[in-house]
Each structure stands twice: as structure tokens, then as C-alpha cells.
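A.B. asks: Take a look at the letters that make up each chain.
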Amino acid sequence: MRVFVEGVGLLGPGLQGWKAARRILAGEEPFRSASTIIAASELLPPAERRRTPVPVKLALAVGQEAFENAGRDAASTATVFTSSSGEGETLHQMCETLASEEREVSPTRFHNSVHNAAAGYWSIATRSREASTSLCAYDASFGAGLIEAMTQVVSLRKAVALIAYDQPYPEPLHSARPLLASFGAALVLTPEASGRTSATFELELLPGEEKPARMSDSALEELRLGIPAARALPLLEALARKTQSDVVLDFLTETRLRVSVNPC
Amino acid sequence: MLRALREKRSGLAPCGFETARIDTYVGMVPALDDLRVRPDLQDYDCRNNRLAQLCLEQDGFAREIAAARDRYGAGRIGLYLGTSTSGLHTTELAYRRRDPKTGALPADYRYAKTQNAYSLGEFVRCYLGLSGPGFVVSSACSSSAKVLGNAARMIAAGVCDAAVVGGVDSLCLMTLYGFHSLGLTSAGPCRPYDVDRDGISIGEGGGFALIERADRVEPGAILLLGVGESSDAYHMSTPHPEGLGARMAMQQALDSAGLDPSDIDYVNLHGTATKSNDASEDKAVFEVFGGQTPCSSTKGATGHLLGAAGITEAIVSILAIEHGFLPGSANTRSVDPALKSNYLLENKQAKVSRALSNSFGFGGSNCSLVLGVAQ
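From first to last, the protein sequence lines stand for chains A and B. When you read off a place in the first sequence, starting at 1, and then add 123, the result is the number in our numbering. When you read off a place in the second sequence, starting at 1, and then add 834, the result is the number in our numbering.
Treat the hints with caution; some may be incorrect.
Claimed, not checked - Stretch by stretch, here's where chain A covers chain B in the computed footprint (C-beta under 8 angstroms, at least three residues):
# : region
1 : 912-926
2 : 961-972
3 : 989-995
4 : 1038-1051
5 : 1071-1080
6 : 1164-1173
As the list claims (entries may be wrong) - In silico negatives: residues of chain A with every beta carbon more than 12 angstroms from chain B:
#  : residue
7  : Ala-143
8  : Val-228
9  : Ala-241
10 : Arg-337
Read the hints as simulated data drawn from the structure, not as lab findings. For each residue, glycine too, the CB sits at the ideal point set by N, CA and C.
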């Protein structure tokens, strides 16, 4: 399976946007961890903007950056969202309310609790009526999103945006499922080359014995292991370095993904 | 299910789920309270995975998959499942047992194997002994319709040779109180397309199917002919009033099947029995099919199975094709005169060569499937 990479979006601790972070990932600047800054999306009307939970803002921010870099219209592009954690803060608030005597939950909170909340807000924000899906595969969520997005590009011959994101849970859920930090990554993938194409990806499935690629910087490696969406980091590093490389990505126990990255 | 549909039996009853105090009807599977998952998978024990296991044990499905595993190899069978709330009820219960001092969840709480959306995927994967590529789709009430599209694309791209698809959703307080807070739960058993419809009845259920390449099928085999997916770009919990996204999904499903609306003999509607869903879906269906094509919602019988609605209604559509049986709408007494589609109140026997099934969800996530039979 071969696709073209047209745009990238990235947000993580010390990785404030693809444009700034690519120099770090290329090894031209040192990585310094800092809190992930997630701005409210200007794409949404003010009423919706207020209601959006943080994971949705994170997904919208990286998606928007990837489309800006791709110079492509989000309204006419299909999307694949993938997240291990989904809507943690909303889940926590709902469970607290449901454990109380009152049990009166907020209707807005309820519709914000669905795993596809980010996809719903994205569609409203970009006015996209294209197909969209929302996936989860626990620690393998990034691999799941990548394989689904690439399969869509190849079988439907259409551009697809992959948006992977994870936001740490509040306590007490955080202790049960610790995630290191907020992290989002987005890729606009196309079936043909365009003026904005930066690389091609070729995907192959490998048996689980293959070792996934690690980040040479130990702090970045910690991120990769500590956040499912950050399993994308070796792939983003290959894009930032602009050199041909074969990147083995973590996926399910029995399966790894090998992505051959060829810069254009 | 076929017998129940033929008898127009409804599984809906006054809500007696756990501690829920809501004046509504639900479709509950009481056996789940005492059921336990297979001992070697006991860490996955939760209401949703119990229901998954119960479904896998029906109709010899697990046996069929064991045979498919021998045929293809465990690593060549993909697994694409839908759920909206997975094992969320386990988290609801854990929040009642938080440490009074620290607020911590009880030590026996297992997030990954119950709460996480992928818990269902991993449980079924282990239960069936599969190791092909897979994931869970969680796009609210369209989840387990969309997985048929995932499977078809993955097989077409050579990622796997066959795939298990399905969906499971079980009752929890979040959905009961959540839909209630939106004013969307019916006080009685839900009545799709009825002039007096007043909301949904939430149900729990699931279904599974094995998808294989179409090039080796025998006549009479059921074919997935088309899939259409769209987004409303309108509102998080209200469908587009003109049914725009729904219409796009149906049209796309027909286009991908290379069929005209007149080729469809039966439409299984999403038909949730809320005022807004049935009105907008009817507009979309009427615009695509006109007023002739027979259609009905089976949610009066099953309740709204949320993340499992797509697969169970695809199975209803398959039964319609296999048995020339068009199910009439359970509980609906008098069809809303404002709705213009050819809505079936009574069961009907007629040849069904191709059926279309609709599933729409929160976030404006729409999916339509076209199913047919190999000649």
C-alpha cells in the first residue's frame, strides 16, 4: 500500500506545531519538554467553542495544522480519528454525577462523552460531510488509524486525514490508566502526488517479533512509550529528517507495521 | 430473532436495570447478571464482554470461526467491532467504591480490560483465537454498521483474507441518564414512525458475522454490495433536519453497489422513534426512494442497541433476504401522516433480493449498507 504525505500536524509537550517541532525531530534543535499548549479552535462557532472538551480541541488543532500545511480543503476530505483515551474529563464528570444521589447529568456533557466527539465537532467546524470514523485499539490506536487511513486512500482513491490524539485522564482514572501528556498528530494522505507532497509511505505488515523503532532522544522515547498517539513519533522523525528510512511501528502484539518513508 | 420478528414480539419492558430510576422501557438481557466470561479470560469480565460471549455462543458462530481459522490461519482474519460504551458500567460501579480518603478507584478495577473501547476487541480476539489486524470503531450508533466497510476495504487491500465483524453494547447508567437528560427516552416501549412517538427505548445486544472474499461464494450466499458513509456537519446530538447526511450515505451506498433505488426491495430504517430522527430520516428516504419501497424500523422489537444497532439490523436485513420476510413495526400503532415513506406496520412476505440498512449516530455519523444475495 502506497500513499503520499501532503500535510502534517503535531502537538505535544515541547512539540508546539509541526513547523517548530520538525527541527527538533530532525535533530537540529534539542528537545525541551514543556506543557502542551492547546488553543480553542477558531474553526468552531463561539457557542460550540465553549462546549468543546480538551481532547476535541487537541484533535481539531492538529487536524487544522495538517490541512494548512497540505493546502487542502478539509470540507471535501474524509477523516480517520483514532484515540486510546477518548473523552476522559467528560467520562470522569459523568461517572462522578452518576455515583452521586442526584444523578442529573448534563445533556451537553452526555453528547460530548462519545468517542467520536472530536469527529462530530470537526465535521461541524469544517463543514465536512465526508465519511469519518473514530477508532480505538488501546496502545495500538495509532497503528490502527494508520492502517485504516492508508487502506481508505488506496481502496477509495481519495485523500484521507488521519488524526490521532490522547489527553491524560483526571484522577482517579489517571492512576488506573496513566498517560504521560497531551499528544496529537495528524497526517493528510493522498492517492496521488501534489505540489505539497513531502514523502511517500509504503506499508507492510510484519510479525510481532519485530522490534518497533525507538526514539534516540530518551525524553522523546519516554513520550513514545507513555502515550498511544505518540507511537507516531518515529514516523514523524523520519519525515522531519527527510531521508529514506524503514520505520517499524508498534501495533498489536502479533503485528507490527513497517512504513517505508521516501521523501519527495 | 426471525421467530420473534414474525410474531411481532417486543423485548422491551419497564426499566429495571441496576439502580436506574427512570420512567422508561428497556431491552434488557437478564442472563448477563449471572453469566461470567470464560475462566481464562476472567480479567475481561464485565457486562459488555459477557454479552459479547453470549452472542458468540449463539448459532454455532464460534465454531464457524474455528473452522475459518483452520482455513485462513488466525493471522489472516481481521477483527472489526463496534461499541459505543464498551465496559463503561464497570467504571460507573467503581466510582461508587472510591477510597473515601484518597478518592482512588478500587484495586480490582481493570481499565484496559473493561472500560477502554478496545476491551471488546481484545476480548473477542482472545475468545476466538484470532490474531489478524483489527480495532474497534466507536462512532456512537453507526459503529457496527461502519465495521462492514472497514472489513471490506481491508480484504480488498489484502490486509486480511477474511474478517469477523460485529458490535456489542450493553446497558449502563450513562446512556440511560444521558438520553433521558436530552428528553429522548420514551415513557413506554418505543414506537418508531408513530404519530405519537415520544423517544427511544434503549436496549442491549450484539451480533457478529464473518466476511469473506466474494470470488469464492456459492449461489445463495449473502453479499455486502455497497457501503455509504457521511457526516452531518450539523449538530452533536440532533440529526440534520432535512436528512442531508442520511441521504448522502444512502446514495453513496447505492452508487458503490452500482444500483438504482428501484433495485432495493426493503429498507431497514434507523427509526429510533424520536420526533427528529424519524422526521429527518423519512425526508431522506422519500427523496432517495420515493414512497413505494417498503421500509420499517425493528427498534420497537429490540430497542435501540446503540453501537450494536448497525450489525443487528444488517442481520435483520439478511433474514429479510433469506426468508422473503419484511418485518412490520412492533409497537407502532398509527403511522405519522407527516411521514411519506411506505412504512410497514404489518409483516409481509415478498421476494427481497437486495436490502438497505441505515444507522445514524451522535456527532452526525451516518452509515448505510446494501446487502444482496449471490445468484
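A.B. asks: Hints first: check each against the structure and report whether it holds.
C.D. replies: Outcome of the hint check:
no., hint, result
1, 912-926, "holds (count 4)"
2, 961-972, "holds (count 8)"
3, 989-995, "holds (count 3)"
4, 1038-1051, "violated (count 0)"
5, 1071-1080, "holds (count 3)"
6, 1164-1173, "violated (count 0)"
7, Ala-143, "31 angstroms, holds"
8, Val-228, "5 angstroms, violated"
9, Ala-241, "9 angstroms, violated"
10, Arg-337, "22 angstroms, holds"
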